[in-house]
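> As you go down the protein sequences, you meet chains X and G in turn.
Going left to right, the first sequence walks through residues 19 to 208 as our numbering numbers them.
Going left to right, the second sequence walks through residues 491 to 916 as our numbering numbers them.
Treat the hints with care, since some could be wrong.
[To be verified] Beyond 12 Å from chain G on every Cβ pair, some chain X residues (computed):
#	residue
1	V46
2	S56
3	L74
4	V89
5	V105
6	E121
[As the list claims (entries may be wrong)] FRET-style restraints, in silico, Cβ to Cβ:
#	chain 1	residue 1	chain 2	residue 2	range
7	X	A78	G	V543	53 to 63 Å
8	G	Q571	X	A59	26 to 36 Å
9	G	S858	X	V144	51 to 61 Å
Honestly, the hints are just simulated from the structure, not real lab data.
Ideal placement from N, C-alpha and C gives every residue a C-beta, glycine not left out.
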Amino acid sequence: MGGGSIKARGTSQIRLATAAGALALAAVLAVVSALGSSDRAGWLWAFGVVGVLATLVALAGWAGATWWGVVALGAEYTVLHIGRGAVDVGAAFVATGLVVLAELVSWSLDARSRVVNEAEVTERRVTQLGLLALGTLVLGSSLVSAGTLARGPAFARTVAGVVCSIGILAVVTWASVTQRSRDRHPGAAP
Amino acid sequence: MIRHPSVKLAGFASVAAIFLVGALATGRPELVVMASPFVVILVAGLLTAEPPVWTTLSVDVERDRLVEGEAITLDVRIAAQADIERVEVVLPLPSGVAVEDGDPALAFHLPRGRSRTVTLRLRFPRWGVFELGDLYVRAHDRFDLFRYDGRLDARRPIRVFPRTETLRALVRPAQTQLSIGNQVARRVGSGIEFAGLRPFVPGDVVHSIDPKTTARRGSPWVREHHPERNTDAVLFLDTFSDVRTGSSTTVERAVRAAASIVSAYLERRDRVGLVSFGGVLRWLMPGMGIRQEYRIIEALLDTEVAVNYAWKGINVIPIRTLPPKALVLAVTPLLDERSVGALFDLRGRAFDVAVIDVSPVATEPPPSDDPVSLLAHRIWTMERETLHRDLRRVGMSVAEWRDGDNLQRAMWEVEASRRGGRLRYA
Chain X
19 MGGGSIKARG TSQIRLATAA GALALAAVLA VVSALGSSDR AGWLWAFGVV GVLATLVALA
79 GWAGATWWGV VALGAEYTVL HIGRGAVDVG AAFVATGLVV LAELVSWSLD ARSRVVNEAE
139 VTERRVTQLG LLALGTLVLG SSLVSAGTLA RGPAFARTVA GVVCSIGILA VVTWASVTQR
199 SRDRHPGAAP
Chain G
491 MIRHPSVKLA GFASVAAIFL VGALATGRPE LVVMASPFVV ILVAGLLTAE PPVWTTLSVD
551 VERDRLVEGE AITLDVRIAA QADIERVEVV LPLPSGVAVE DGDPALAFHL PRGRSRTVTL
611 RLRFPRWGVF ELGDLYVRAH DRFDLFRYDG RLDARRPIRV FPRTETLRAL VRPAQTQLSI
671 GNQVARRVGS GIEFAGLRPF VPGDVVHSID PKTTARRGSP WVREHHPERN TDAVLFLDTF
731 SDVRTGSSTT VERAVRAAAS IVSAYLERRD RVGLVSFGGV LRWLMPGMGI RQEYRIIEAL
791 LDTEVAVNYA WKGINVIPIR TLPPKALVLA VTPLLDERSV GALFDLRGRA FDVAVIDVSP
851 VATEPPPSDD PVSLLAHRIW TMERETLHRD LRRVGMSVAE WRDGDNLQRA MWEVEASRRG
911 GRLRYA
């Protein structure tokens, strides 16, 4: 009854499913890396716990913690591999896991909204998530292969520098586009 | 449309930057691998992001005038030039509106050039004026890096008229007015209703002679008639207090009763006025016809309880609102001293006052295991009975109208007590 009451059709199930998936994924990423080495176990478990806790906090409603979780889990994997030779394909899987983790947390937070999603929206989002995971895996594997072929940290640094430059350019482009959009439509209604 | 960067945009940029800076600092390519998807998504999202252009965006309401309890259909039509991954359409509804079918907050995919209609079925269980809010539209891009918020002015008042009850009999005023109407006057004059017979006196019209009586008596006798006249009725609506008694509140019931009574009196070509006596005083001069009916019902729709502690008497009511010989029909829960005092004052000024007590006494008695509540309930009902007796003692007729009762029964009760009262006070 009333304007405030909106039938929640399956929204809570989606929210719970995505949250559970994100938490499980974070736990898997944390545990797999932590079990990879015994001499750095303290550091690895510390990063892993921070990653899982940050994911939990993010799922509780503070979206900003998502990125701390992603960074902590990525750092855990990096700490595991520091001083251990060349990069392996595991990095591509971890990258995929981190992207999927971020998307799942974001989806779970979106599902808290009182807006009811049609089934088609959910299906498209699942498909997109799958494609995103696949694309990330392919991209990561390609980069790992390229790094292996180059056989040295110099190539990795070069790649990092180029990507950094692209990233900076992208941010600058985005800022200018945003400004232009605001100048063109200052609070205009549709 | 206003573009807002989503939380993901800042998050992805931060993660990518941290990983890349970390890669440069530690010389580990794993971090580059981990940063790469975030960077790719960012770049792709920034390159493909563009604000949606709506080709259609409208809200259509089936009708904006209805009777309480009825339902209407509301259509939101939307179409865009480009494919939009996710569109959220939110229509805030006023409280008291029940959604029978559809979702007032819905997210869907909008393909390019295809129109989409979101249909809502809304039911209005209570009378009043309901204003729809603005329509909020939010579009998400493919990578969900930007959100575009728009708003459409969909504000439109929907007037829900109270459900009226068919009344077969009304309270007859003690005195009629001079204009012709449907009410049989008590005095004698030219009319249809037979009043009596009397001997012929010089000046009587010849065609009024009753041939049968004249033949029987042997001298001319004439027939007398009651003329049909109209009356003035002023509805005195007490809006000082509102109490819920089951499915509805006393004000809701009072307005329904008022609408029924107004319609019935106006159908009889009587003049009807309105005094809404409460925290805010409102009135309508007596008038007749369909326009007056709509005027009164529109005024009733705005009825609400406004909290006011100032003492108010009938001196605040404009004098022309209460014409002489008018019947003042009070519809009141008899809860506020100010309205009760006003009724006594009106009677003291020789107005013909009848009271329909919109009973605030709940149909369900208090729980029997709570003796204090039971005692309080008994004392309260006794106080109300005493008040009824006091009102009757000064010449007002009172009938209690409980939740779920027929209004006609209350009207008959008032009319019956008025007949008895007139005989007593004659």
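> Kindly indicate which numbered hints from before are broken by the structure, ordering the numbers from low to high.
Numbers 4, 5, 6, 7 and 8 - these are the hints that the structure violates, sorted from lowest upward.
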